[in-house]
Amino acid sequence: MTQKTTILTLPEEELVHPGNRACAGCGLSIIYRIGLKALGRDTILVVPPSCLTVLQGLYPIAATQLPCLNVTFASTAAAATGVLGALRAQGRKKTTVAAWAGDGGTSDIGIQALSGACERGENFIFICYDNEAYMNTGVQRSGTTPQGVITTTTPIRGKLQKKKEVPAIIAAHGIDYVATASAAYPLDLYDKIKKAKTISGPKYIHVHCPCPAGWGFDPRYTVKIGKLAVETGLYDLYEIEKGKFQLTGPSRKLDNKKRKPVSEYFKTQSRFKALSKKRIQEIQQSIDEKWERYQDQAG
Amino acid sequence: MHIIESGNVAAATGVKLARTEVIAAYPITPQTPLTEKLSELVDSGKMKAEYIPVESEHSALAVCIAASSAGSRAFTATSANGLLYMSEQIHWAAGARLPIVMCVVNRGIGAPWTVWNDHQDAISQRDAGWIQLYACDHQQIIDTVIQAFHIAETVRIPVMVCYDGYLLSHTYMPFEIPEQDAVDAFLPKFSPSYFLDPKNPANLNTVTLPDIRPDVRGNMAPGYMEIRNNLHTDMRKTISVVEEMDRKYQKTVGRGGNPLIEKYRCEDADFIAVCLGSLSYQLRDVVDTLRGEGIKTGVAGIRLYRPFPDKTVAAEFVNAKGLIVFEKALSYGNQGALYSDIKSALYRNDNRPFVHNYILGLGGREIKTPDLLHAFRISCTDFRKIGDDPQWIGLKL
Ligand SMILES: Cc1ncc(C[n+]2csc(CCOP(=O)(O)OP(=O)(O)O)c2C)c(N)n1
Ligand code: SF4
Ligand SMILES: [Mg+2]
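Heads up: the protein sequence lines correspond to chains A and B, in order. Each residue of the first sequence is one higher than the last, beginning at 426 in the working numbering. Each residue of the second sequence is one higher than the last, beginning at 1166 in the working numbering.
Here chain B stands alone, though its shape is the one from the complex (with noise of 0.2 Å):
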């Protein structure tokens, strides 16, 4: 079925197909009409889930974790100042093995205030140990919580999908829902081989010790660092579940085939923009016009940012001359985080493209086609005259 709808019911329209059991979660813009729609769906009876209205975000995640930890399928979704004052439980959820799915509608973070879109919510918790997704539009964001809970489960991993606040979230656009029997056949029960259970009785996320420890019957359990090591092992695993994934909801659904990376006109490409999110769609235009001067330009949008395809980054821009990294976050006092990313991924390659990193859109600052173009332009054209420095784009002072 089509419908004209936000990017915020597309994500509760999801998180509803999924059958999700258990969900809770703390208002903040722009996620709130997300939280409002699954309350309704909850409190009318159209979705049978138990909706928590916690006081905090700190304690949505908790829920989360207990509910998943109890054997639920459990969702959450926050935004910029929530996110991070959630920031404990992200890394617990992971540590956890805990295949939470959490909607991160991205927002700049304060201070000062910004209840605008940029990426530094997210990004500054790409180190935790959750797979991140980004969506460009609202058929993506819809198909991606429904693939999200799958891929969590498949590796005991959570997942963050990760979508622009107001860019998507609050404009309409026209997407498909997909059948519920198609889901169904899709997504398979959530069942873990362990849960929270009188008779079977287990301590979980006990205290460990530095060194591996044997058990009552003197087998060797693993410590800590076993523990992390596996959940990073995992983590490079699930690039190819994803792909996977992609693979089973195409012949289920019928939607798909850019599971990684999403490619616009980058087959024979000399000069490559590459971003997170809704961008992705803007430099396309940009990508057309420059084609037009003869400038062989593509754009590739970066899907899953966790765990990085970077053997695939590597071999997809073999060929290109340069890299032009667009990002709406960076690493104050270093570089974009994404740029950095790109940069050693391509460090395998022997013939190296030149990479440029552009900072825009932080707190919502309006990104313009002609000044996108004007540096794209550069970078193809010019590309000696720009440095490893981060340059920005759309300062006004």
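Just chain A, with the same shape it has in the complex (with noise of 0.2 Å):
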């Protein structure tokens, strides 16, 4: 395996500019920091509207320093396989495509477009930042908002469906590489962006990322939230490579021991407000049950 990225050896320059558009302790602006290091200066990114096209700023000023391509909602996996078509046709062949879209630009109005590219194998790799809702919009739910999960959609009882494994959806299509992320272990992300600039055809990188002002909860704990998600074992960091599933960083580490409660972290955001009891003890369940899958494969 190759060495971890630590905050020693991570590359110095900045890529996006301090005095960007993000709420304070956006989880979103940590990720894209970071992730535009490991994608580095020679790339050409592609952003649906979302709360990354406000972070990037307004016309005629921007928050990065990398070409990006702003794009209709539905099409961001299309666009970046027009970029990759121009690049070929030019022998431009080097150049990074990099998709960087929203859960709901990615799940749900953008699933047909990536589901297409990904299963034309185009050789991008496309980021999905789940903050679980659709906040650029004033916080609706998406596809990926979890089941009990308040938002302006769901006001009263909360979203009644449960979140949808778009990892998994994707991993279906058969690519070579799926990975989870967190923004709460954004040196874990840049390894994983690094890997993925590596292999060839379609990478998919979906990173949880709290999200104060549509979760409800202090801007200083975006990231002792972001790992309460991992540490409670309610989302897993990992990656599939050419099919084989592994658990990867805290999650590795994670056992039946350590495993907090999930009740500690619905505790911290007030979106989880309508939870009942019974509701937390069910999902605190098929987490452990999940967990105990996890433990017979290892074993």
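One or more hints might be untrue.
What the hints assert, rightly or not - No farther apart than 25 Å at their CA atoms in a straight line, the calculated lysine to any residue pairs in the SDA-like style are these:
| # | chain 1 | residue 1 | chain 2 | residue 2 |
| --- | --- | --- | --- | --- |
| 1 | B | Lys1364 | A | Lys678 |
| 2 | B | Lys1364 | A | Asn548 |
| 3 | B | Lys1213 | B | Asp1362 |
| 4 | B | Lys1364 | A | Glu666 |
| 5 | A | Lys518 | B | Tyr1216 |
| 6 | A | Lys429 | A | Lys588 |
| 7 | A | Lys588 | A | Gly516 |
| 8 | A | Lys518 | B | Ser1505 |
| 9 | A | Lys620 | B | Pro1363 |
| 10 | A | Lys619 | B | Pro1363 |
| 11 | A | Lys518 | B | Pro1218 |
Simulated from the structure, these hints should not be mistaken for lab results.
Join the two chains into one complex using the hints; note that each chain is given alone, in its own frame.
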């Protein structure tokens, strides 16, 4: 295994300018800053409407130093395909093409284009930052909003349906690299993007991304809450390389003894206030069962 | 070289001769054979291009938008519901000022389903900021496709080359294929002044505010309104660019002469039929018959529909007593779109001819020459009978 990147070995050059337009404590601004370092300067970004469009700045000022194509909401992966087509036609084959979309732009309106691009085997990195709702338009439910969560379109009872498992859907396309990451572990994400850059074909990285404004917590707790999601075994960090699943980083070190109760995570955010005790118990049980399976597989 | 082939093959051949670099398309009748031909040309190695078999029309135009933004010449084609499925991207491509060329193989729109020809698809997109050119035969299809790239890249505005589904797309006619050398002499390499480039990074299609804003150096940058005004101003300039490209094409390839409007026996005509697409050739027979009856008629096919050559229309038809607009589309609840455009173009003249509007051929309803003759004759002889409401030709119930 390659050396893990540390805060000491991380490139110093900043590709995202200070003073971008994201909210204070935004998980996305952490991973965007670190993620662009991993992608490097020879990269073309493709971005659909989302909080990222705003983070990147308002015309004529840009918050980032990489070329970026803003595209329509549903078209991210198809647009990345078009950039790749032009680069191939022009013989500019070294440039990395990275699509960077929210959970709505990935799992809902953008899933058709993403599925098409994965099936065609396009050589791109698709990064989905999952803040578990449509934040840019004011916190509406998305396909990846977890069950029970209060959003502006699930205002009383919380979302009734389950979270859509996007990494599993993308993995079902048989692509060579699918990974999950978290804004609370940006260096892990850095290494995963670096690895993705060495693999040809479609690469998909799904990043859990706490959002103080939409989740209802104080901006100073972004990292703590991101970590809790992992430490409770609710959100797992893993890679699926050529079909082989493996827990990574902090999730790999987690076991039934270390795992914290999921209620600790829920109580940190106001979006979970509609969850009943019974519901929390059920969720805890499903997490326990999932971890039994992991342990069986490992053992 | 002369060949006998379909209109779709004429279009595909134009795309090849234009050295298109990126093609993305999704099949829909009657465009499908064009897509198939292009994939065959690329797959066999006869054409050096990237052919991307996307999963939808929305993605087809997304690929073209991105490829064009990255500095490559891009092409797509569609019909009817495919065009509507692209609608968001159609507006996006124009706003982003990307010189994409798209063939619209005209077909009626569902519901109910129809695969046959009318013009409602392209007409429904006329306000999106694309240039629209209509071809009347196979020769015009291939020539217009080649010219379209040059026009688009000169003004940085995308172009739709519209031609009638089945009537042109699937019929076989002789046409001449220009020599590659001649096309190369006509059409320069696509070299945009800016494109997606890590060495010269830019954030394209960023969020704008209602007002203008200074950049980091303090220089005022345009706001949404200025950007849109530029598009309109450049659209208006496109009329003369289309004429210029026609002259250049005549010089290098040797064909052309009707860049804006193609007229037949209009010089001394009292009554002129006006329409889009291949219908204008069918109307030539009607004109000849009426001339035989002593009625001085002519027919004008509008080649450039957007930007609308309104001043040319006003000048060309200044001496006509009547204009009769035959249309395969309409703005429901009002009248034919071309009819409204013609009337507003004539408004600047002191002496205005009467203008009639006939709606016909929707969903491929057969357009019978005797019906055209009958309508045209009534318009010329009994013109007060017909008011401003569109008259429908060919209704059976
Ligand atoms: C076709 C279309 N439909 C709707 C919108 C409005 N819209 C813009 S961003 C957005 C939500 C984005 O959600 P997500 O992808 O999760 O990103 P986030 O804002 O949460 O970062 C919506 C609904 C749009 N721009 N285009
Ligand atoms: S709403 Fe959430 S995701 Fe969007 S900028 Fe604010 S903190 Fe970040
Ligand atoms: Mg979101």
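We went through each hint and held it up to the structure:
no., hint, in the structure
1, Lys1364/B <-> Lys678/A, "violated, 41 Å"
2, Lys1364/B <-> Asn548/A, "holds, 21 Å"
3, Lys1213/B <-> Asp1362/B, "holds, 23 Å"
4, Lys1364/B <-> Glu666/A, "violated, 32 Å"
5, Lys518/A <-> Tyr1216/B, "holds, 17 Å"
6, Lys429/A <-> Lys588/A, "violated, 31 Å"
7, Lys588/A <-> Gly516/A, "violated, 41 Å"
8, Lys518/A <-> Ser1505/B, "violated, 50 Å"
9, Lys620/A <-> Pro1363/B, "holds, 21 Å"
10, Lys619/A <-> Pro1363/B, "holds, 18 Å"
11, Lys518/A <-> Pro1218/B, "holds, 20 Å"
Going down the numbered hints, you'll see the structure goes against 1, 4, 6, 7, 8, while the others check out.
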